[in-house]
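Chemist: Sequence:
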Amino acid sequence: MGVLVAVMETIYAVKKDKVYLDMAKFWGKIFLLSFAVGIVTGIIQEFQFGMNWSEYSRFMGDVFGAPLAIEALLAFFIESVFIGIWMFTWDRFKPGVHAFMIWMTAIGTMLSAIWILAANSFMQHPTGFKINNTTGRIQLTDFGAVISNPQLWRVFPHVILAAILTAGTVIAGMSAWGLMRKKKDENHFFKTSLRFGLWTSLIFAILSAGAGDFQTQQMLKDQPMKFAATEGIYKDTKDPAPWTVVELINAKDKTTSHEVEIPTVLSILTYHKTSGAVKGMDTINKELHAKYDKQFGKDMNYYVPPKTLFWSFRVMTGIDLLIMLVAFFGVIWSRKKKDTIENKKWFMVIVGLTLWVPFIGNSAGWFITEFGRFPWIVYGLFTIADAVSPTSTVGTLLFSNIVYFLLFTLLGGVMIWYSRQTLHHGPYYEMEDSKQNVDPFAKEAFVK
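Heads up: the sequence shown runs through residues 0 to 447, numbered per numbering that gives the first Met the number 0.
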């Protein structure tokens, strides 16, 4: 949202079209709400390292601490400083200078994503480290290798583009609800915002799909089991490989049934050509046993949760396609020469409801990323079972996760409620105090 608000204010600085200034101020409120909620949720999550994952913290701390410290000292410092200046200086700088403040805030948020994803990418594909044989801990040996991790620069574009896609869809959805209120003074504002959000959704839905394919190519190299599970493949496919649209998976017996397949498509998705077989989970499981049995024993289970990954992938891609289609028709029906979108109330409702689906799609994407790493918490080095705090029990884990879930639900509810209030107030709402503009310490304030 910060990026899109920066674009809005830049358009105003260049074109001097006041509606874009109004848009930057209004959608900036939604950005500030999400920023505040993001800070609080991040602080809550940090408690999990010590409470539930102390062995992970001990093992991984030397590597994990560096990018998170830089994120706090550099990226978050940039965000917090410039967001403060941006919030309170609307009338103190020229438009271009003030737009620079929100651009710096947006850049800070993206830098935060880089450092956090650097830590997560190490967990997916460890680089730049050695194992201390005395302590059994990871030691950082090459910081450059950590930040140049190919996993990082494959996942970062997908995450950022999906985040901008989410913001664009939220703008379009909230604008659709705002237009349906039929307030004449707000019509131009919400119509402009709607079209801005629809164009953003369309462009970034396409770019996000491309970035997802870019990331998948790295997944094939680093985590072939994850890829096979997203396609529901136990046995090696034929050449060319068909793509399975839907199927029933029996994870216990490791079999599938009732497949609906499209010939050759999986080869195209995997290798970008019309030939090539794809390894199944059974074959990859044998390869992982051959590689890791000496270190982790023969009883390890290297099969990831296939149902979760198979359906999460289809939910994620299906939602991206849905947003693409809704945005495409929205752009067509809202063009100046034939603006009929307001007459299609059914479509406006669809656009309004679509604002929720990117959050589901993003969550499904992270399900793939994290569940697909099973049984590792640091791929090939440290298992999830070894990472849990030695004092943790099923009961304490259940209790703490319920508490976290309730806290996040409460924060999400607060975000939704305040966003709804902001939408209902509209872009031109002013509080009574701001209307009066009375100095509380002026002499007049004490006169009866």
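Any given hint could turn out to be false.
Cut-off 27 Å, straight-line C-alpha distance, at most; resulting in silico cross-link-like pairs (DSS-like, lysine-lysine) [what the hints assert, rightly or not]:
#	residue 1	residue 2
1	K182	K293
2	K251	K14
3	K24	K182
4	K306	K234
5	K183	K297
6	K251	K182
7	K285	K253
8	K14	K336
9	K17	K337
10	K15	K28
11	K290	K237
12	K306	K251
13	K190	K24
14	K290	K253
15	K182	K335
16	K293	K237
17	K15	K337
18	K190	K15
19	K278	K28
20	K182	K253
21	K183	K306
22	K24	K335
23	K14	K337
24	K237	K220
25	K278	K253
26	K297	K285
27	K234	K297
28	K220	K190
29	K182	K237
30	K253	K220
31	K234	K290
32	K251	K129
33	K234	K181
34	K220	K129
35	K28	K220
36	K220	K335
37	K278	K290
38	K220	K290
39	K93	K15
Bear in mind the hints are in silico, worked out from the structure with no lab data behind them.
Chemist: Hint check: K24 vs K335, CA-CA at most 27 Å. Holds or violated?
Modeler: Status holds; Cα separation ~25 Å.
Chemist: Given the hint that K251 pairs with K14, test it: the Cα-Cα distance must not exceed 27 Å.
Modeler: Cα-Cα ~62 Å, so violated.
Chemist: For K220 and K129, compute the direct alpha-carbon distance and say whether it is at most 27 Å.
Modeler: The hint holds at about 21 Å.
Chemist: Is the hinted pair K93 and K15 satisfied, with a Cα-Cα distance of at most 27 Å?
Modeler: Given pair K93, K15 holds - Cα atoms ~12 Å apart, limit 27 Å.
Chemist: Measure nothing beyond the straight line between the CA atoms of K182 and K335; if it is 27 Å or shorter, mark the hint as holding.
Modeler: holds (20 Å)
Chemist: Does K278 pair with K253 here, judged by a C-alpha cut-off of 27 Å?
Modeler: holds (15 Å)
Chemist: K234 and K290 were given as a pair; does the straight-line alpha-carbon distance stay at or below 27 Å?
Modeler: holds (20 Å)
Chemist: Is it true that the CA of K285 sits at most 27 Å from the CA of K253?
Modeler: holds (14 Å)
Chemist: Check whether the Cα positions of K234 and K181 lie no farther apart than 27 Å.
Modeler: It is violated: about 57 Å lies between the C-alpha atoms, which goes past 27 Å.
Chemist: Under the criterion that the straight-line Cα-Cα distance not exceed 27 Å, is the pair K182, K237 satisfied?
Modeler: Given pair K182, K237 is violated - Cα atoms ~60 Å apart, limit 27 Å.
Chemist: Within a Cα-Cα threshold of 27 Å, do K220 and K190 meet the stated pairing?
Modeler: Roughly 46 Å separates the two Cα atoms, so the pair is violated.
Chemist: Quick one, are K190 and K15 close enough, alpha carbons at most 27 Å?
Modeler: holds (18 Å)
The structure fails to meet hints 1, 2, 5, 6, 16, 19, 20, 21, 28, 29, 32, 33, 35, 36 from the earlier list, while all remaining hints are met.
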